[in-house]
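Colleague: With chain A's structure known, arrange chain B on it following the hints.
The listed protein sequences correspond, in order, to chains A and B. Take 1 as the starting number for the first sequence in our numbering and just add one per residue. Take 1 as the starting number for the second sequence in our numbering and just add one per residue.
To be clear, the hints were calculated from the coordinates, so they are not data collected in a lab. Beta carbons: idealized from backbone N, C-alpha and C, even for Gly. Check each hint, because a few of them may be wrong.
[Said to hold, decoys possible] Incomplete in silico selection of chain A near chain B, CB under 8 Å:
(1) E113
(2) H114
(3) P118
(4) K119
(5) E127
(6) P128
(7) F131
(8) V134
(9) A145
(10) D153
[Claimed, not checked] Quick look at which bits of chain B chain A covers, simulated, 3 or more residues with Cβ under 8 Å:
(11) 223-230
(12) 253-266
(13) 277-291
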Amino acid sequence: MYRAGRVCAGLLFLVALVAVIWHVRPYGRPAAVRTWRVAAGTGTGVGTSANIGTGTGTAATVAAAPASWDLARPGQAYDYNFDLMARVISAEARGEPYVGQVAVGAVILNRVEHPHFPKTIPGVIFEPDAFTAVSQGTIWLPPTASSVRAAQDALAGWDPTGGALYYYNPAKATNWWITTRRFLVQIGRHVFFR
Amino acid sequence: MRREWLRFGGVALVLLLGLVAFREYRLRREIELRTENQYQRAFQEVVYHLDGLEQELAKALAAGSMTQTAKAFADAWRHSESARSAIGQLPIGTVPLSATEDFIGQVAAFTYTLAQKGASGATISDHEWTILRDFRRQAKFAAEELAKMGRAFAAGALRWTDFQRDTMAAAATRPDRAPDGAPSNQVTKGFKMLEDGMTRFPSPDLEGVLPPPTKKLPQVPGPIVSTDEAVRVALDFIGPSVVAGRRARVVGRIPSDPETYRIEIPAGKGRGAVWVDVSVKGGRVLWVMDETPIGPATITPAMAEGIAADFLVSRGFENMRRISRQAHQGVAVIGFAYEQDDVLVYPDHVLVRVALDTGRVDGFEGTNYQVFHRTRRYTPPGVTEGEAKAALNPRLDVTASRLAVIMDDFYRETLVYEFRGTIDDQTYLVYVNADTGEEEKIKRVGPQGIETI
Numbered sequence: 001m002y003r004a005g006r007v008c009a010g011l012l013f014l015v016a017l018v019a020v021i022w023h024v025r026p027y028g029r030p031a032a033v034r035t036w037r038v039a040a041g042t043g044t045g046v047g048t049s050a051n052i053g054t055g056t057g058t059a060a061t062v063a064a065a066p067a068s069w070d071l072a073r074p075g076q077a078y079d080y081n082f083d084l085m086a087r088v089i090s091a092e093a094r095g096e097p098y099v100g101q102v103a104v105g106a107v108i109l110n111r112v113e114h115p116h117f118p119k120t121i122p123g124v125i126f127e128p129d130a131f132t133a134v135s136q137g138t139i140w141l142p143p144t145a146s147s148v149r150a151a152q153d154a155l156a157g158w159d160p161t162g163g164a165l166y167y168y169n170p171a172k173a174t175n176w177w178i179t180t181r182r183f184l185v186q187i188g189r190h191v192f193f194r
Numbered sequence: 001m002r003r004e005w006l007r008f009g010g011v012a013l014v015l016l017l018g019l020v021a022f023r024e025y026r027l028r029r030e031i032e033l034r035t036e037n038q039y040q041r042a043f044q045e046v047v048y049h050l051d052g053l054e055q056e057l058a059k060a061l062a063a064g065s066m067t068q069t070a071k072a073f074a075d076a077w078r079h080s081e082s083a084r085s086a087i088g089q090l091p092i093g094t095v096p097l098s099a100t101e102d103f104i105g106q107v108a109a110f111t112y113t114l115a116q117k118g119a120s121g122a123t124i125s126d127h128e129w130t131i132l133r134d135f136r137r138q139a140k141f142a143a144e145e146l147a148k149m150g151r152a153f154a155a156g157a158l159r160w161t162d163f164q165r166d167t168m169a170a171a172a173t174r175p176d177r178a179p180d181g182a183p184s185n186q187v188t189k190g191f192k193m194l195e196d197g198m199t200r201f202p203s204p205d206l207e208g209v210l211p212p213p214t215k216k217l218p219q220v221p222g223p224i225v226s227t228d229e230a231v232r233v234a235l236d237f238i239g240p241s242v243v244a245g246r247r248a249r250v251v252g253r254i255p256s257d258p259e260t261y262r263i264e265i266p267a268g269k270g271r272g273a274v275w276v277d278v279s280v281k282g283g284r285v286l287w288v289m290d291e292t293p294i295g296p297a298t299i300t301p302a303m304a305e306g307i308a309a310d311f312l313v314s315r316g317f318e319n320m321r322r323i324s325r326q327a328h329q330g331v332a333v334i335g336f337a338y339e340q341d342d343v344l345v346y347p348d349h350v351l352v353r354v355a356l357d358t359g360r361v362d363g364f365e366g367t368n369y370q371v372f373h374r375t376r377r378y379t380p381p382g383v384t385e386g387e388a389k390a391a392l393n394p395r396l397d398v399t400a401s402r403l404a405v406i407m408d409d410f411y412r413e414t415l416v417y418e419f420r421g422t423i424d425d426q427t428y429l430v431y432v433n434a435d436t437g438e439e440e441k442i443k444r445v446g447p448q449g450i451e452t453i
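Next up, chain A with everything else stripped away, as it sits in the complex (with noise of 0.2 Å):
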């Protein structure tokens, strides 16, 4: 008698076990890592200092423009692009002095504009392999205010690059096949070749 309710209270148990494995998603909740952090205003299009383009701004106005990352560039709606440009900028280079930044930048701006690769930034950022961060998934993480500052100036025309198309940290990582390209510059800890 006893016996077999403990099988029965077994089984029972072994069946919750496995329904319970079953159900709980191993791979997370990605909607709540992906959450946009788009500041208040930028859903009409309107930024948050909007009368810059007029040249009527003031210092009110500029002062209320929140410190944190912002993707709401003056008058724009969220640009994709500028967005993405940040969170790689933000997940390759996080420690890495100011020009180091904006030289991330500059080089995905050079692979767009270079036959060899993709013609759009989420094609040069989403090739496969081609950003540690993308394929660690590091570009999900809200980007620093310094690398929102550094998207926009490779986008606006600073290359401390000198035109180049790869870059390596030799800290971290060792490719052979980077070694047959012209070395241009190391800016702090990244190797920058064309």
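Modeller: Same frame as chain A, now just chain B:
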């Protein structure tokens, strides 16, 4: 009793572990298959578009009328761009494919140029026809080679995910060994066959037909300067108040276009590092970046504009006119172009970055200005402004006009009339050739000025 429990527990544990392992395996396989299918789709698309490209090039070779030719070129261009985009989705970053990629880039640029020519009614020259013929042969070869690989994939002998894993493992275990480090399998062999074949085709003479595939700015005019001279130029440019007694050093000579000395003024005395690039030839400052942290804004971007303009005058940039302005993350970036005899010279443009906390200039970008700037001599416009205006869309509500110089991808300068006008809620800049009266270019003006120069 206890024994029974143990036995039962043991069996349960094994069962559980087995279940968990099986589930993990199933999930992993599922994800791998999805990835594999993505790669397969991308690869088959490359084959499809190269095949389509070959067909359209063949049609263009045979077409008699320019209408048919232009149509074939437009389709060929679409196929080559699509092929390029699909290649970018394959995990072949470490596979040497430059000849193939060069080919696709060239075909895309060539067919695009010819489609444009066709749209304007021009016919293709004999030289262009020969290039077209060579391109078709190459496209045929590439499509056939890839189709061979496609057969190996279809036979199940080859999987992209396996290839990707092998590549990663090879890079991790033998990082310093050159080609040996690359795994040898059917994917690499297939691409090697393709690449070797592509390099054997004679490269077509595209001089003057297509702009150079990668931007190579000319050197700055002038003699080569020494590092000491470069440092002096850099220190003069950023000014004693920013240098604040710090010592500058040359950290590198960069073989870029144009070639530069990289000068660093290290961080210290409450200031961040300052980086300056000075051209090796001509000894001109190409760009500056000051890393001093930026505090909360106290000045407006409009005030920054005046600061930037004063800065340019003090550094010897005369007759600069503001063309763009954007403010973001505590800085304002203001664009200026050179003006000569009331003609706005867009190739000679600079950017000045102003930190909005203290209103100091903390960045400068003037590579194009330093490379291209000179006093220009214009031939008088062949058409009057009124005649040029006739080329415009009559719906464009013109609010301003002026003469300007714009530059194309060949670094050729053209004197144009620039018309600013609006349609709907958009502002445009329309450029009309001042010699021929033809519309050259249309730009949309964003809130911060011209979107691209």
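Colleague: All hints, please: hold or fail.
Modeller: Each hint tested on the structure:
1. About 6 Å separates the beta-carbon of E113(A) from the nearest beta-carbon of chain B, less than 8 Å, and the hint is met.
2. Of the supplied interface hints, the one on H114(A) holds, with its beta-carbon coming within about 6 Å of a beta-carbon of chain B, less than 8 Å.
3. Below 8 Å, beta-carbon pairs count as interface contacts, and P118(A) has one with chain B at about 4 Å; its hint therefore holds.
4. Contact between K119(A) and chain B, as hinted, is supported at the beta carbon level, the nearest pair being about 7 Å apart and thus within 8 Å.
5. With a cut of 8 Å, the hint placing E127(A) at the interface with chain B holds, because the nearest CB-to-CB distance is about 5 Å.
6. At about 4 Å, the closest approach between the beta carbon of P128(A) and any beta carbon in chain B falls short of 8 Å, and the interface hint on this residue holds.
7. Because the closest C-beta pair between F131(A) and chain B is about 10 Å apart, greater than 8 Å, the hint is violated.
8. Given the 8 Å rule on beta carbons, the hint for V134(A) is violated: about 12 Å separates it from the nearest Cβ of chain B.
9. For A145(A), the interface hint holds, the least distance from its beta-carbon to any beta-carbon of chain B being 6 Å, beneath 8 Å.
10. The beta carbon of D153(A) is positioned within 8 Å of a beta carbon in chain B (closest approach about 7 Å), and the interface hint is therefore held.
11. Residues of the region 223-230 of chain B lying with their CB closer than 8 Å to a CB of chain A number 0, which falls below the three-residue condition for coverage.
12. For the region 253-266 of chain B, the stated coverage by chain A holds: 6 residues have a C-beta nearer than 8 Å to a C-beta of that chain, and at least 3 were required.
13. By the rule of at least three residues with a Cβ nearer than 8 Å to a Cβ of chain A, the coverage given for the region 277-291 of chain B holds, with 4 such residues.
The structure fails hints 7, 8 and 11 (numbered hints given earlier, in ascending order).
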